[in-house]
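The listed protein sequences correspond, in order, to chains A and B.
Residue 1 is where the first sequence starts when you use this note's numbering, and the numbers rise one by one after that.
Residue 1 is where the second sequence starts when you use this note's numbering, and the numbers rise one by one after that.
To be clear, the hints were calculated from the coordinates, so they are not data collected in a lab.
Keep in mind that a hint or two might mislead.
Since the list can't tell identical chains apart, any single copy or any two copies may satisfy a pair.
Pairs of lysine to aspartate or glutamate, EDC-like flavour, derived with a Cα cap of 20 Å [what the hints assert, rightly or not]: (1) 227 <-> 207; (2) 169 <-> 199; (3) 169 <-> 56; (4) 294 <-> 148; (5) 3 <-> 25; (6) 227 <-> 148; (7) 41 <-> 281; (8) 53 <-> 91; (9) 150 <-> 257; (10) 219 <-> 207; (11) 294 <-> 203; (12) 150 <-> 194; (13) 84 <-> 290; (14) 2 <-> 292.
Keep in mind the model is a prediction, meaning the values are calculated, not measured.
Protein chains: 2
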Amino acid sequence: MKKYAIGIDLGGRSIKFGLFTEDGELVNKSTVNTRIDDGGKYILSDAYDHILKIMEKHDLNSTNLMGIGMGVPGSVTQQRYVNKAVNLGWDFVDIKEYFDDKLDLKILVENDANVAALGEAWVGVAKDYQSIVMVTLGTGVGGGIIVDGKILSGKHGSGGEIGHMPLLKEPLSRTCGCGNNRCFEQVASATGIENIALDYLFENEEDSILREVENITAKDIFDAFEKNDHAAMNIADQYFSHLARGLAIIAAVVDPEAFVLGGGVSNAGDLLLDNVRTYYEKYCFVNNRDVDIKIAALGNDAGIYGAAKLVL
Amino acid sequence: MKKYAIGIDLGGRSIKFGLFTEDGELVNKSTVNTRIDDGGKYILSDAYDHILKIMEKHDLNSTNLMGIGMGVPGSVTQQRYVNKAVNLGWDFVDIKEYFDDKLDLKILVENDANVAALGEAWVGVAKDYQSIVMVTLGTGVGGGIIVDGKILSGKHGSGGEIGHMPLLKEPLSRTCGCGNNRCFEQVASATGIENIALDYLFENEEDSILREVENITAKDIFDAFEKNDHAAMNIADQYFSHLARGLAIIAAVVDPEAFVLGGGVSNAGDLLLDNVRTYYEKYCFVNNRDVDIKIAALGNDAGIYGAAKLVL
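Generate coordinates for the entire structure from the input sequences, incorporating the hints supplied.
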């Protein structure tokens with residue numbers, strides 16, 4: 001008998017569902033909108049309704065469905081308790097309790113960045129590694145750490161919250177969403193490189209393609225870099241240096257086999273990899289020099305893969 | 001029948017041996033000198049001779065002795081291979097292979113900072129925690145990370161090598177033993193605070209008790225701090241800030257329950273704890289604010305405790 005697992009990625013805009021075989025084959029993918037009204041109180045019932053549809057459509061029951069895993073954008077402890085998920089409007093939610101009344105199935109929950117890392121380690125670019133750090137370079141910087149195949153969750157479920165490492169000795173003039181002003185994500189996220197660009201163009205007189213752009217994005221900067229725009233190259237250089245130093249710090253702490261870079265900024269591909277590698281080798285402890293640095297392979301699906309893997 | 005384990009701490013000056021019951025009671029402690037001549041080739045045979053003496057004296061054999069654990073000042077992989085232990089004169093040594101020919105016992109090896117952390121987590125100040133980071137503030141800064149009761153060894157056995165996190169964006173004028181010049185241990189070790197003091201006294205005209213001291217040590221600085229010596233307070237303040245930011249970074253990565261501070265500097269006790277805590281709370285990610293920060297309890301014996309615990 002074939003066995004299956006459902007992986008769910010609860011996002012602020014949509015809830016993604018993936019039905020997987022135990023070998024990691026994606027059988028079916030579907031999405032419903034996230035209703036965040038009224039403190040997000042419809043989210044779990046909407047998810048439940050959709051789970052029932054999937055189970056019916058694919059003849060799943062407690063015998064051939066090994067369980068349901070879930071990734072949530074917030075801190076998760078004991079693979080069930082969510083402590084604040086701002087994007088969902090949640091304060092404290094016990095997800096296992098909610099589903100235990102309704103389904104005779106294993107239900108396991110983890111932070112969304114952690115399950116994305118688990119997904120990449122299961123069938124993605126990191127499938128040949130046991131210990132990786134996934135770094136998601138989006139609006140913020142998310143992180144997921146896998147040690148010997150297992151998520152490093154931490155006491156509060158905020159293991160791998162690398163975006164909020166106080167990377168900088170001197171505070172920035174801008175404040176991070178977390179309230180601090182020395183955070184890694186303030187200089188290493190997509191927003192980070194955009195702010196580096198704004199500051200650079202304000203402080204320097206230099207001509208640049210970027211001066212023509214209204215809302216400068218990471219992509220604009222990398223495009224200008226590839227056209228040898230001098231300002232863009234200096235801006236990107238600052239960014240690569242910050243990002244690489246953050247990776248070198250993390251490497252000294254957990255000594256992983258590989259870093260997996262995901263999120264919007266990772267679309268820069270080799271431009272990102274080559275430049276980050278150069279700075280990384282300058283900053284890292286000698287033992288960590290041979291770490292692999294790769295671009296994530298599963299894109300936005302990493303979450304559903306990793307969520308399913310939780311229960312397998 | 002009572003069961004025992006032997007824990008060995010291989011240091012550059014002496015080899016410490018501890019005989020423990022499986023409950024963590026220290027039955028006997030002994031020491032032999034470390035002979036580092038000829039590439040440290042006598043070290044394991046000296047250790048072996050002493051193990052035989054302990055076994056004979058305490059009537060130990062492969063039935064009542066559960067094994068021998070060892071802490072080594074170098075990177076250790078697969079709990080047997082030592083890759084460079086400079087203080088012992090070793091390049092590459094397979095410790096398990098050496099003993100397997102001679103003893104019918106479980107032999108497990110780990111980095112010395114890691115076993116010290118394991119010792120504190122077993123019967124020391126951290127015995128009520130499952131996940132801790134031990135930070136040894138000595139000539140350098142050593143680190144050992146315990147996650148869910150297990151050592152985080154890392155790919156190269158250099159997990160927890162926090163002394164070589166590139167904490168500083170701007171390079172220091174001095175070079176670290178590792179060849180870099182942005183290392184955490186350059187500002188957070190005993191040597192670190194001494195160098196901060198030398199720089200401060202050179203750059204400032206200010207009167208200070210410390211100007212009378214020939215070779216300023218961390219203790220001199222903390223003693224002067226407690227006499228409200230203004231220069232000493234500024235020097236210590238820089239030190240506390242660096243150390244606290246390093247801890248806040250590590251907390252964002254692994255989200256431990258507690259930090260355990262050991263090594264010479266930790267003799268400063270509450271002066272250290274209180275000041276580091278103040279800066280830590282300023283720098284840390286909000287989720288990590290309630291971490292416990294404690295002074296190590298086992299002192300120089302942490303290594304033999306943790307080494308014994310490896311095989312229990």
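Do the hints match the structure? See the list:
1. 227 <-> 207: Close inside one copy (13 Å), not across copies (57 Å); limit 20 Å.
2. 169 <-> 199: both (18 Å within a copy, 18 Å between copies)
3. 169 <-> 56: Close neither inside one copy (56 Å) nor across copies (56 Å); limit 20 Å.
4. 294 <-> 148: within (19 Å within a copy, 28 Å between copies)
5. 3 <-> 25: Answer is within; shortest intra-copy Cα gap is 11 Å, inter-copy 49 Å.
6. 227 <-> 148: neither (42 Å within a copy, 50 Å between copies)
7. 41 <-> 281: neither (47 Å within a copy, 33 Å between copies)
8. 53 <-> 91: So residue 53 and residue 91 fail the 20 Å test inside a copy (28 Å) and across (61 Å) alike.
9. 150 <-> 257: both (14 Å within a copy, 18 Å between copies)
10. 219 <-> 207: within (19 Å within a copy, 55 Å between copies)
11. 294 <-> 203: neither (34 Å within a copy, 45 Å between copies)
12. 150 <-> 194: For residue 150 and residue 194, neither the intra-copy (34 Å) nor the inter-copy (41 Å) Cα distance is at most 20 Å.
13. 84 <-> 290: Result: close only across copies, 17 Å inter versus 38 Å intra.
14. 2 <-> 292: Neither. Shortest intra-copy (35 Å) and inter-copy (47 Å) distances fail the 20 Å Cα cut-off.
When held up to the earlier numbered hints, the structure conflicts with 3, 6, 7, 8, 11, 12, 14 and fits the remainder.
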